[in-house]
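Participant: Given next are the chains, with one letter for each unit.
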Amino acid sequence: MPTVSMTVNGQPAAGEVEGRTLLVEFLREHLGLTGTHVGCDTSQCGACVVHVDGKSVKSCTLLAVQAVGTEVTTIEGLATNGTLHPVQAAFKEHHGLQCGFCTPGMVMSAVDLLSQNASPSEPEIREWLEGNICRCTGYHNIVKAIDAAAQAMKG
Amino acid sequence: MLDRPGAITGAVSTPRQHDSGHKHVAGRAIYIDDMPEPPGLLHVYFGTSSEAHARIAALDLAPVRAAEGVAAVFTAADIPGENDISPTHRHDEPILATDAVHFAGQPIFAVAARTRDQARRAARLANVTYEPLAAALSIEAAKPAGAMVTEPLTLVRGDADAAMGTAPRSLTGQMRIGGQDHFYLEGQIALALPGEDDEVTVYSSTQHPSEIQIMVAQTLDVPANAVTVEVRRMGGAFGGKETQGNLFAVVAALVAKKTGRAAKVRPDRDDDMIITGKRHDFLVDYAVGFDDDGRIMGVDMTYAARCGWSSDLSGPVTDRSLFHADNCYFYPHVRLASQPLKTNTVSNTAFRGFGGPQGMLGGERLIEEIAFATTKDPLEIRKLNLYGPGERSLTPYHQAVEETTARDIIETLEGSSDYWMRREEIDAYNSRSRVLKRGLALTPVKFGIAFTATHYNQAGALVHIYRDGSIHLNHGGTEMGQGLYVKVAQVVAEEFQVDIDRVRITATTTGKVPNTSATAASAGSDLNGMAAQAAARTIKNRLIAFAAEAWDVPPDQIAFLPGRVRIGQQDVPFAKFIGRAYMARISLSSTGFYKTPKIHWDRAKGRGRPFHYFAYGAACSEVCVDTLTGEYKVERVDILHDVGNSLNPAVDMGQIEGGFVQGMGWLTTEELWWDDKGHLRTHAPSTYKIPACGDRPRVFNVRMVHGVRNSEETIYRSKAVGEPPLMLAISVLHALSDAVASVAGHRLCPRLDPPATPERVLQTIDRLRAEDAAA
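Those sequence lines, one after another, are chains P and L. Mapping the first sequence onto my numbering, position 52 (from 1) lands on 52, and the numbers just tick up by one. Mapping the second sequence onto my numbering, position 385 (from 1) lands on 385, and the numbers just tick up by one.
Hints in this document: simulated from the structure, not taken from any laboratory. All C-beta atoms, glycine included, are put in the ideal place defined by N, C-alpha and C. All clues given are correct.
Restraint ranges, calculated between C-beta atoms of paired labels, are given here:
(1) Glu-124/P / Ala-58/L: 56 to 64 Å
(2) Ser-115/P / His-22/L: 21 to 29 Å
(3) Gln-151/P / His-22/L: 16 to 24 Å
Chain P extracted, bound-state conformation (with noise of 0.2 Å):
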């Protein structure tokens, strides 16, 4: 079996894993980094959205061997020194969540939004979100905490 190795919220993480072994099954069941969730099995929800050296990747879509020498953060990954990222106190403030379990997906993809585009007007969350299925919230407060979130992190 391969051996994987790769740098995971800062730290080096490494692993004997088959070679069909999909990065969120390496992160969820080898590192026990069950933040990252697994909703759809088929790519089109989004609940397993993480960074790969800085882009947000569903990880269902890519094989761990795949990210071999990237540097990977999951949302476990995202406070820094146990403050929230200001996506993370958006979506608490906000209500930008329900049930939790698309939240963490929804939260990786809003925060590299924003690293691309710190002023997304509200079309733009909208069509960024697209590959993130919620089916509690009905996004309204989704859009409302992300908007928020670059407000506070542009202030």
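Chain P is already provided as a structure; the job is to place chain L on it using the hints.
Facilitator: Positioned in the frame of chain P, the structure of chain L alone reads:
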């Protein structure tokens, strides 16, 4: 937060954040699949039927048993107790098929292996020899034979035939209503741990732990006290985990007890969608008599539902469709009948609204038909037919509608949404716009609150105060994202006047609160809030008696104030006071119990008061349709919704917004499609279109009715909010219909059936143009 200065944090009626919000955003909220896996865990997968209806002539499982990693294979013969998970105990729902299969996707055997991948691969290796039987896949196919999964219901008041015979105008029609997949983001899952003797613990993603407990016990042939079922949270449920978790939980428990190893069942999303039931699709035949003004005189409607292969909850679901066929309108003479049809498809189940939304769609179709027949605006017909005082207040089931809330909400929204001004503006736009056509509709919702099965309307809670003053809260309700846990914690914080952080919310488990009802029917807060309040008040009464004696003051001079207890002239901090009570040997733990008052229902007679009260709302939706492609946008939605005195306005707003969008998905883009062999072809979000962020209305004005308390004695006079907002989305369907009608000059009722996918909108436009040209 908007907590009042000097007041406790997390008081009732403050917009408190979800209790797990800080964990959700950090990925630290534990769902069942996130729990550390016990050593030796077995992963379980189902081998399922490829046929919609067939006799199993032969079943060869040798290749499954021989597959890599397989530890054991189980069939119905391995079940020590009953091979049945019918929630109504009708013995029509085998866990694993025996001699025949009744839908494509039905589990036949379960395979347990070291890894999930091994179990999935092995499950495909069985050699099953089928002898096909005739299959009824659709409502049309099932109707002629008329086989039903449960007894139908008929509601009769007055003489509908005679009324329609004497009415100046009458018409008949048919409406087809699509189903809906729940698509909870967290799929079905159960993890079972074998215990000592006959004991087993099951972690199940379920809305109904007590039912899982009973099902596991009867499967294993052990008493209920050997089975503990726990759930901290679900990743969404929407009714899809009221009974549909039974299968996965009982099989996990079976494998755990048979092998002595922990066992987990988590189907892949596609299999989840194929194996589990959905919202019922319906075919409604309607006849209505009315006068020249559009006032309804008589109604006759038959609601035929595709129930699938077993009864599941189809009896109460189809009953509820009839309870809501009136929506907000008085039917002077009425006959309503249900047909819960047996089909060779997945067994349809609870889904937010529980048949009510389908019932309401039928009632709103009548309004629309009458509006076109009398060339009036549908809103005028709606207002003309609203329940009124006296003899115009009786529902088809003889419960009176005593309040004018529906009219009040409609008239307020009519003004705040500028309905009539926009109606003129849209008419003008449509007369000059050749391709794009806009539509507008304002529809109300009246939804009955209570389980129609009276015995379900009970709840229990358990409250402990530890000697340091910290509080432990448990109740029978489950958390699926709706914010029940935080609402009930607010009730307890309010009762003791302590900051909500002092109240520890704990996982729902059958070991703490027994014999609970499903968290369903929007009744979670109503029931569990009252039970928790009762538990808190029992302890409070003991504490007041203690303080009166210990401080020698009259009980009426003892009050729970924010963070402290006032005893006569003295204030004692809460924790210190509790410490004193402990030393004085006061019991600081209590259960609480609640049963909903006033309700009764005689199904055989079709009479009673099945509902404690009604929740109301209304929505005004505007759409724009491209008449060349059938594609459309929801441009603006205005909502006014009644939640009584909200326990938590932030959580309730989330329910309204989310419920509306989920309802919009059901009525617009979400289309379930089975092929002619009975195979579900829409079994993933790639082919089943759930609303995405961009589908949300461009302008979305959501307001709650302010300052109106529930006239019934509910928890702090709040109203249930889980299901009713879903039906606000009926306004989107009617706005689409309004836009479509403009292609034929509003001369023909479009009869646009949901889901109004772009394809169906386009087909309806073509049909209307052809009919209008022919006329």
